[in-house]
Amino acid sequence: MTDGAYEEAKRAVERIQRLSDDCWHALDASCQAMDDDAWVGPVARQFHHALRSGRRELQAQLGEAVRDARAKLATMPGKP
Amino acid sequence: MTYPAGDPNFSGARMPAIDTLVSRHERAAFLLEQLAGDLWRELTGMRVDTTPALRIRAPAQSVRSQTTELQTRRTRVHDMQRTGDGTRLCTVEGIFWRLPEKAVPTPVPGQPPPPIQWPSPSSCGMPTRCRVRGGCVRTAPRSRRRRTRCSVGSPRTAYAKVTEDSGNGHYDIRYDVPMLTQLYQGSDLKQWEAALAKRSARNDWGKLDPQNPMALWAQRNRSSSTPRCPRPPWKVNPRPATPVRPPGPPPSAPITPTTPTPRTGPSPTPH
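Chains A and B, in that order, are what the protein sequence lines are. Read in order, the letters of the first sequence correspond to residues 1 to 80 in UniProt numbering. Read in order, the letters of the second sequence correspond to residues 1 to 271 in UniProt numbering.
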């Protein structure tokens with residue numbers, strides 16, 4: 001019974017890791033396009049700044065989610 | 001820092017780059033929305049703190065609103081490039097089209113104008129009958145309901161649109177709504193049935209050469225095998241299909257004139 005719960009939790013951690021990997025670079029392409037001067041001006045600079053901080057926030061939250069999930073998995077009774 | 005346009009206060013966009021920016025940002029908005037939901041679900045399933053998923057919602061919402069604003073700007077740049085007017089700045093990196101600071105939706109010919117965003121009375125915390133200057137519009141409940149009901153996407157307008165611009169009188173199946181909606185019950189069916197009866201009477205099926213063992217077997221054993229479905233299947237107690245009427249008022253309803261008869265005053269024309 002506990003093995004099933006542990007396996008399920010391990011699969012959930014893998015799914016969360018995959019989600020994090022897929023969306024890690026979600027805002028990278030827009031940042032690159034803004035670095036290539038797609039849109040210039042004072043408003044554009046604010047947008048670029050907001051984009052970079054949004055990307056940092058996204059990556060921080062994704063990392064925290066993965067860390068929390070792995071910590072929860074470590075506390076669970078593992079396979080004998 | 002060197003500004004690409006030279007002047008730090010010049011605001012504009014470069015043509016191929018802004019298209020890639022907008023498309024990538026749209027994709028990012030979609031990804032973040034999906035991510036927020038999926039991550040919350042996974043974390044809840046694991047009974048882990050869902051704060052990261054809730055915190056991702058804020059960037060997701062801001063990316064979505066940024067996307068709509070960028071789309072407005074991109075439409076404006078396309079419009080300027082198409083018509084040729086608008087200030088442009090040619091640099092080594094490319095041609096920058098000058099944009100205003102605020103993203104105002106550009107009317108594009110061929111598309112309906114963007115809907116006017118009425119400020120909803122619920123957005124401000126004031127009661128509905130308020131007189132805030134420059135704030136929410138004071139509206140009676142009935143007029144507010146009428147304004148928010150939109151008839152653009154309703155089936156009635158879609159049907160009317162297809163038959164309206166019907167190819168200047170020439171037939172085109174694209175404008176033949178009964179044909180497209182399977183309402184056609186023409187005389188061709190009778191001709192086909194007569195031809196089928198003639199063929200089966202003479203047992204002349206033309207140059208049929210199926211080479212398919214199943215078809216050959218069926219041809220040999222047509223009379224002997226008891227078919228599940230009777231031949232011909234359309235002649236056995238057909239249930240008449242319910243006719244599909246285009247949406248609108250039913251014709252059986254009596255058309256009562258609702259407009260009152262006009263009462264004309266004395267004629268102003270001098271005799």
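A hint or two may mislead.
Partial list, computed: chain B residues near chain A (C-beta under 8 Å) [said to hold, decoys possible]:
| hint | residue |
| --- | --- |
| 1 | Leu35 |
| 2 | Gly37 |
| 3 | Leu39 |
| 4 | Glu42 |
| 5 | Ile95 |
| 6 | Pro112 |
Bear in mind the hints are in silico, worked out from the structure with no lab data behind them. In this text, all values refer to a predicted model and were calculated from it rather than measured experimentally. No residue lacks a Cβ here, since even glycine has one placed at the ideal position from N, Cα and C.
Taking the hints in turn, this is what the structure says about them:
1. Checking leucine 35 of chain B against chain A by beta carbon gives a least distance of about 5 Å; that is within 8 Å, so the hint holds.
2. The interface hint given for glycine 37 of chain B is broken, as the beta carbon of that residue sits about 10 Å from the closest beta carbon of chain A, more than 8 Å.
3. Restraint check, leucine 39 of chain B versus chain A: the minimum CB separation of about 6 Å is within 8 Å; hint holds.
4. A least Cβ separation of about 5 Å between glutamate 42 of chain B and chain A falls short of the 8 Å threshold, and the interface hint therefore holds.
5. With a least beta-carbon distance of about 12 Å to chain A, the hint placing isoleucine 95 of chain B at the interface is violated under the 8 Å criterion.
6. For proline 112 of chain B, the interface hint is violated, since its Cβ never comes within 8 Å of a Cβ in chain A; the closest pair sits about 27 Å apart.
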